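Visitor: Put chain Z on the given structure of chain U with help from the hints.
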Amino acid sequence: MLEIVALIVLGLFAGAIAASLGLGGGIIFVPALVVLFGFDQHIAQGTSLAVIFPTAIVATVAHTRRGNVRWPLAIPIGIAGIVGAVLGAQVALRLDPDLLRRMFGIFLLLLAARMGWRAWRINDRPSAEPEPS
Amino acid sequence: MNTALIKALALGVIAGTVAGLFGVGGGVIVVPGLVLWLAISQREASGTSTATIVASSAAAMIAFGIGGNVDWGAAGLILIGSVVGAWGGAWIAERVNERALAITFAFVLAVAGVRMVI
Chain U
1 MLEIVALIVL
11 GLFAGAIAAS
21 LGLGGGIIFV
31 PALVVLFGFD
41 QHIAQGTSLA
51 VIFPTAIVAT
61 VAHTRRGNVR
71 WPLAIPIGIA
81 GIVGAVLGAQ
91 VALRLDPDLL
101 RRMFGIFLLL
111 LAARMGWRAW
121 RINDRPSAEP
131 EPS
Chain Z
134 MNTALIKALA
144 LGVIAGTVAG
154 LFGVGGGVIV
164 VPGLVLWLAI
174 SQREASGTST
184 ATIVASSAAA
194 MIAFGIGGNV
204 DWGAAGLILI
214 GSVVGAWGGA
224 WIAERVNERA
234 LAITFAFVLA
244 VAGVRMVI
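In order, the protein sequences belong to chains U and Z.
When we follow the numbering used here, the leftmost residue of the first sequence carries the number 1, and every step to the right adds one.
When we follow the numbering used here, the leftmost residue of the second sequence carries the number 134, and every step to the right adds one.
The hints are simulated quantities; they were obtained by calculation from the structure and are not laboratory data.
Note that the structure is predicted; figures quoted are calculated from it, not measured.
Any given hint could be a false lead.
[Said to hold, decoys possible] Label-pair restraints from in silico Cβ distances: (1) Z:G206 - U:L95: 22 to 28 Å; (2) U:G38 - Z:L138: 23 to 29 Å; (3) Z:G209 - U:I106: 29 to 35 Å.
All C-beta atoms in this analysis are idealised placements derived from N, C-alpha and C, irrespective of residue type, glycine included.
Chain U extracted, bound-state conformation (with noise of 0.2 Å):
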């Protein structure tokens, strides 16, 4: 009971943190489920997509009516998208669960260094267009 509520809550904070900032959810789930609820990494990534695949063909629909996808491009980076997270996918469920958990946190790692870099960055040069994403 307990961890279905806290299941629920960790979708309340991961969908407020992507409205809010413009994030995915892969990058909080994966950790979250890792860390927080001692999920193994390959069920932690699975689970993950398990989400961000509904969340996504609704984003998409409503982008579509706003005039936001450039379906030229999309379809493209889509058809070449599934070739990609099909080998990605291979390669992760081969990886031992543990080696894989080390390198999604190098991943993370250089993602925070990004975001914080960038954010900080904004505020350095007050009177400079912020930096897009």
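Guide: Relative to the frame of chain U, chain Z by itself:
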């Protein structure tokens, strides 16, 4: 093939590989790729990226699912929370300093990153 198409295909393969490898959407690669490499606006990059994530997340989800590496019950619960959270997030975004939020979140990610590396 024109240059934009080649760039789009290359971007898709790179983003898809990261998405499959780490179980994320890949927007973290596609959005800056579209803005910096294909010179489209931030707004269109977000929308276009989201559409590509439908394809890459589906492919990766199926690959993980076949191996029995998806906890569908947990995914459903997180999804319920995130629908409500997305409404709340839009409300928060209008009231909180985005820079402070970004720095705080970057710090949380860094702590999680360290925990996962150790």
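Visitor: Would you pick out the hints that fail for this structure and give their numbers low to high?
Guide: Failing hint: just 2.
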